[in-house]
Amino acid sequence: MTKKQIKTTVNGVHHEILVESTWTLLETLRDQLQLTGTKEGCSNGNCGACTVMIDGKSSCSCLVLAPEIDEREITTVEGLSDHGHLSPVQDAFVENSGLQCGFCTPGFMIAATALLNENPDPSEHEIRLKLAGNLCRCTGYDKIVRSVQDAADRMKKG
Amino acid sequence: MPNFDYEAPKTLTEALELMARPGEVRALSGGTDIIDQLKNNRRNADLVVDMKRVSDLTKIESDESGLRIGSAVSCSEVHKFTIENDRYSALSESTELIGSVHIQNRASVGGNVCNAAPSADTIPALLIHEAIAYTASAEGTREIPLIDFFAGPGQTVLEKGEVLKEIGLPTPSKNTASAYLRFIPRNEMDIAVAGVGSLIEIESSTQIVKKARIALASVAPTPVRAYTAEEYLEGKKISIETINEAANLAVQSAVPITDVRGSAEYRKELVKVLTRRTLNICVERLAE
Numbered sequence: 001m002t003k004k005q006i007k008t009t010v011n012g013v014h015h016e017i018l019v020e021s022t023w024t025l026l027e028t029l030r031d032q033l034q035l036t037g038t039k040e041g042c043s044n045g046n047c048g049a050c051t052v053m054i055d056g057k058s059s060c061s062c063l064v065l066a067p068e069i070d071e072r073e074i075t076t077v078e079g080l081s082d083h084g085h086l087s088p089v090q091d092a093f094v095e096n097s098g099l100q101c102g103f104c105t106p107g108f109m110i111a112a113t114a115l116l117n118e119n120p121d122p123s124e125h126e127i128r129l130k131l132a133g134n135l136c137r138c139t140g141y142d143k144i145v146r147s148v149q150d151a152a153d154r155m156k157k158g
Numbered sequence: 001m002p003n004f005d006y007e008a009p010k011t012l013t014e015a016l017e018l019m020a021r022p023g024e025v026r027a028l029s030g031g032t033d034i035i036d037q038l039k040n041n042r043r044n045a046d047l048v049v050d051m052k053r054v055s056d057l058t059k060i061e062s063d064e065s066g067l068r069i070g071s072a073v074s075c076s077e078v079h080k081f082t083i084e085n086d087r088y089s090a091l092s093e094s095t096e097l098i099g100s101v102h103i104q105n106r107a108s109v110g111g112n113v114c115n116a117a118p119s120a121d122t123i124p125a126l127l128i129h130e131a132i133a134y135t136a137s138a139e140g141t142r143e144i145p146l147i148d149f150f151a152g153p154g155q156t157v158l159e160k161g162e163v164l165k166e167i168g169l170p171t172p173s174k175n176t177a178s179a180y181l182r183f184i185p186r187n188e189m190d191i192a193v194a195g196v197g198s199l200i201e202i203e204s205s206t207q208i209v210k211k212a213r214i215a216l217a218s219v220a221p222t223p224v225r226a227y228t229a230e231e232y233l234e235g236k237k238i239s240i241e242t243i244n245e246a247a248n249l250a251v252q253s254a255v256p257i258t259d260v261r262g263s264a265e266y267r268k269e270l271v272k273v274l275t276r277r278t279l280n281i282c283v284e285r286l287a288e
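Chains A and B are the protein sequences, given in the same order.
Residue 1 is where the first sequence starts when you use the numbering used here, and the numbers rise one by one after that.
Residue 1 is where the second sequence starts when you use the numbering used here, and the numbers rise one by one after that.
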């Protein structure tokens, strides 16, 4: 296997690391950078548990090779809060009980953050459509949708 | 994951040199198909060549001659580019329903074409525009009508060392509308049981169909055109009856299999229904 030297910014922190050609971004985040907030679910792009932002765009980190993120900016769930202060999306998930077991929650919160960054005022239909790539097997979808609606309100208020 | 090397060339020349190397060399743009296939040994590679840093392949442009989509441009970018341009409604629709938004942000239209799944959602939308595949290899370039690009499920006519560079769509004439619909058992995140793209050009004073293009997904070993239905519609006045007859005729071009997603019979019925619906949407769009 060949190793590649890459430069990447993860949650605002610059890293220069050696990665294997065959590692996924998910493996690099969890096993190399110890950022275990990002979860591995299906490993084939269906479940969204591993969703991160790459240059602000939500992506399944299980379907990205680690060397692909050279010179890219990554945001994981650990990067949503600011010095211990939860983001509006995180606050809204807590307040609205937008989780049960919590395994899908990091992926949902990243997907919701990416959605609200692009569209600050989504309809319920748009929320359900744009979050269709994230599965919650506890099936608490209504509370998740309500959390995203509440997050949108919180962000509008500032 | 099986072992392979990875390179991310910055120029097309460099990329083509890498693609010509001995062994199994695979182009990667979005990676949403190929990485899953490599993980599961459904395709193999000694070298993976990431095309996303080759500027020639990441451009999307349109002018009076048509639309040109670099093979590494993501579905999200194609959607964003075409959503405000009603000339390419079917393409705009198909790029918004592949997988999830997380997949659309990575997956490229060029990759959807090269992966050559019979169910690929963007392909009917490209075929109804009579898209051209522009390829490149160290030996030179080729222009292949997209309808001739597919050799079977997951197979294209690309040769060793050859990559898809760009997909070109000529500018549709005025009074042209298009639509793409697929059927899946849920609302999102599924593979088409059947998909239909339709495009019609209508002479506005007479309501005569000047041009009809209908393409089908998931009902043959490759994406196909419904030539019999197209030929029937051209020269006819558009009406409920002619649309229904075209929908019936489109079924003749479908040679589906029975599998876990649906029976052959069911897929034929879907072709009829989706052809009728897409043609009706085209008529509504032309009336707007």
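Keep in mind the hints are simulated off the structure, nothing from the lab.
Among the hints, erroneous ones may be present.
Unchecked claim - Reference excerpt, derived from the structure (chain A facing chain B, CB under 7 Å, subset only): (1) T2; (2) Q5; (3) S21; (4) C60.
All C-beta atoms, glycine included, are put in the ideal place defined by N, C-alpha and C.
Evaluation of the provided hints:
no. : hint : verdict
1   : T2   : holds (5 Å)
2   : Q5   : violated (12 Å)
3   : S21  : holds (4 Å)
4   : C60  : holds (5 Å)
Going through the hint list in order, the structure does not satisfy hint 2, though it satisfies all others.
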